[in-house]
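Asker: Sequence:
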Amino acid sequence: DKLEAERLVEETKTLFEKRPKIYRLSILRSELALKEGNVEEALGLLKLVPVGKMYYTAAREKMAEIYLNVHQDKRAYIACYRDIAEKVGSVEAYLVYAQALERIHQSEKAIEIYHKLLQMSPNDAKLMVKLADTFFEMHLFKDAIDCYEAALSSGLDNPAVRLRMVWLLSKLQFTQRAQTLVDQFVKDMDRASTPEQVSDNVKIILVKAQLHRHKKETRQELQALRDAQDMIHKLNKRMIVRQKDPTDIANDSLLLLS
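Residue numbers (this note's numbering): 2 to 259.
It should be emphasised that the hints constitute simulated quantities derived from the structure, not laboratory data. Computed from a predicted structure; not experimentally measured. If a hint is listed, it holds; no wrong ones were tucked in.
Label pairs and their computed distance ranges (CB to CB):
| no. | residue 1 | residue 2 | range |
| --- | --- | --- | --- |
| 1 | L157 | M55 | 27 to 35 Å |
| 2 | P123 | H72 | 34 to 42 Å |
| 3 | Q185 | E113 | 27 to 35 Å |
| 4 | E37 | L141 | 39 to 47 Å |
| 5 | L33 | S122 | 36 to 44 Å |
Even glycine gets a Cβ: it sits at the ideal position worked out from N, Cα and C.
Let the sequences and hints guide you as you build the complete structure.
Answerer: What follows is the structure in structure tokens.
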């Protein structure tokens, strides 16, 4: 009858509402099983979370960690992340897959994914930086410079990326190109508002000093060093809640001149 039908509908709705909790419970039970040394039981519980459901990604990531850290099975590890990428299909899912590939030193495959994502989102500066970072780790410095330059040209305002690019140009002895960029970046330094940004700016100034040293411009080198010192003193005064000691920033920065 009608009342019975309504009751069944409500029971069904309640069951569906509880399903995400069931999947979360499967993950929690798998963690407990793993702590007790029951690895296969843990994997079995994680496999219960189906594609398209809440906690699917979390379950696959935990499976991947078990395969890598317990079984030392890189193939099964990366298969979990490939499943996430293919089944979820989002940019974020493919980014996680690429990062997993880098973790097991399959950077060339990671680069393929970054290129594929850039074709989908050609103006994504963050993707360009990730690709540049991967090139950097592989010591493909000229490719890294091209990607950093593209990211900055797209409007990315990131002192850390600026620093990496200037450092690379200096390392590869593209002195004039590095000098032009440093001069451009110095003009924008007044906008720095956080200790981290000021720290990056100090490092850029020190690269500037290094460039002057290469060209035997002693007076300009000394002025750049004084500018860096002034920045550190101002930072010291501004940092009420210190996330990083200014002395550490100075020491880290001076490594650039070694």
